[in-house]
Amino acid sequence: MKKSKLLRNTAIVALCVTLVGFVVMMIGVGQGGNLVLSNVRIGPISTITINDDNRGEVTSFHVSPENIQSLDIEADLGDIEIVKGDTFDVLMQGFTADEVHYDNLEHNVFKIETSYKGNLISVGSKNNHGKIKVTIPKDFKKVEISAGLGNIIVSDLVLDAFDISVDAGNLEATNMDVANVEIDVNLGNAEYNGTVRETIEADCDLGQVELEIKGNREEYSLELDADLGSVIVDGQSYNQHESKGTTNKKIEASTNLGEVKITFIH
Numbered sequence: 001m002k003k004s005k006l007l008r009n010t011a012i013v014a015l016c017v018t019l020v021g022f023v024v025m026m027i028g029v030g031q032g033g034n035l036v037l038s039n040v041r042i043g044p045i046s047t048i049t050i051n052d053d054n055r056g057e058v059t060s061f062h063v064s065p066e067n068i069q070s071l072d073i074e075a076d077l078g079d080i081e082i083v084k085g086d087t088f089d090v091l092m093q094g095f096t097a098d099e100v101h102y103d104n105l106e107h108n109v110f111k112i113e114t115s116y117k118g119n120l121i122s123v124g125s126k127n128n129h130g131k132i133k134v135t136i137p138k139d140f141k142k143v144e145i146s147a148g149l150g151n152i153i154v155s156d157l158v159l160d161a162f163d164i165s166v167d168a169g170n171l172e173a174t175n176m177d178v179a180n181v182e183i184d185v186n187l188g189n190a191e192y193n194g195t196v197r198e199t200i201e202a203d204c205d206l207g208q209v210e211l212e213i214k215g216n217r218e219e220y221s222l223e224l225d226a227d228l229g230s231v232i233v234d235g236q237s238y239n240q241h242e243s244k245g246t247t248n249k250k251i252e253a254s255t256n257l258g259e260v261k262i263t264f265i266h
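Going by the numbering used here, the first residue of the sequence shown is number 1, and it counts up by one from there.
If you are wondering where the hints come from, they were derived from the structure by calculation, not from laboratory data.
From the three backbone atoms N, C-alpha and C, an ideal C-beta is built for every residue, glycine too.
Incorrect hints may appear among the rest.
To be verified - In silico BS3-like pairs for lysine-lysine, Cα to Cα no more than 25 Å straight-line:
id, residue 1, residue 2
1, Lys84, Lys117
2, Lys249, Lys142
3, Lys138, Lys84
4, Lys138, Lys249
5, Lys142, Lys244
6, Lys133, Lys84
7, Lys141, Lys117
8, Lys131, Lys142
9, Lys250, Lys214
10, Lys214, Lys261
11, Lys84, Lys214
12, Lys250, Lys261
13, Lys142, Lys250
14, Lys141, Lys131
15, Lys133, Lys111
Stated by the list, open to error - Beta-carbon label-pair distances, calculated as ranges:
id, residue 1, residue 2, range
16, Gly56, Ser243, 51 to 59 Å
17, Asp177, Leu228, 32 to 40 Å
18, Ala97, Asn239, 15 to 23 Å
19, His107, Lys84, 20 to 28 Å
20, Gly85, Asn239, 37 to 45 Å
21, Thr96, Ser221, 44 to 52 Å
22, Glu191, Gln93, 23 to 31 Å
23, Ile153, Asn256, 33 to 41 Å
24, Gly245, Lys138, 27 to 35 Å
25, Ser243, His107, 31 to 39 Å
Let's have the full structure, built from the sequences with the hints guiding it.
As structure tokens, then:
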């Protein structure tokens, strides 16, 4: 009953926010504003969003710094794609000049920070935002991403560490080979497919996390913690704290009101 009441209240709040958004839109249009209305996916939810299209002139940024071993991205709004290649290369499109900051940091880290300067009324727009594409070579050490709203696609990477935090966006990581993985999801949706050589930690608040891990279940010790949500391992659901196994490889999964699904593939 407690969970049903919470879900009902969440739905009521969402409806109220939607109504307020449409009222604000009508006010903006009445005052001659230039608004964009679109449909965007936030994790498992599809919603109508509104944003101001008067951000100024957008442009592209293309850089190829040398001797980079780690990537750190902090993005408020926008899509991110990271792929394997021969050299480190970054292409950023659809941003204004004051929405992008990037720099070479100590220890061979390349840092990208993006922000959205439009008058965001709701939570974003499907098409009217920037895009970042990064190509990284072999022997790369770490990829760290903190994303607000947008789609993140990562594939075919071999890393020591993959650390990602998603607020209301979507992550799709396929054919990965990583020693240590950290996935933190608020209201978004995250999918990880590939090898975990040492440890994976998945924390999910109100969204969904799906882990497809290459190998056998017996290779990993499991530390599972579910509050009002659920953790599902090979079809078996856990709705409380569970600790299984003592192997060196570890899977730690926790959720508040969301769902973490773990499947072992061969």
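What hint numbers does the structure not satisfy?
-> 1, 5, 7, 18, 23
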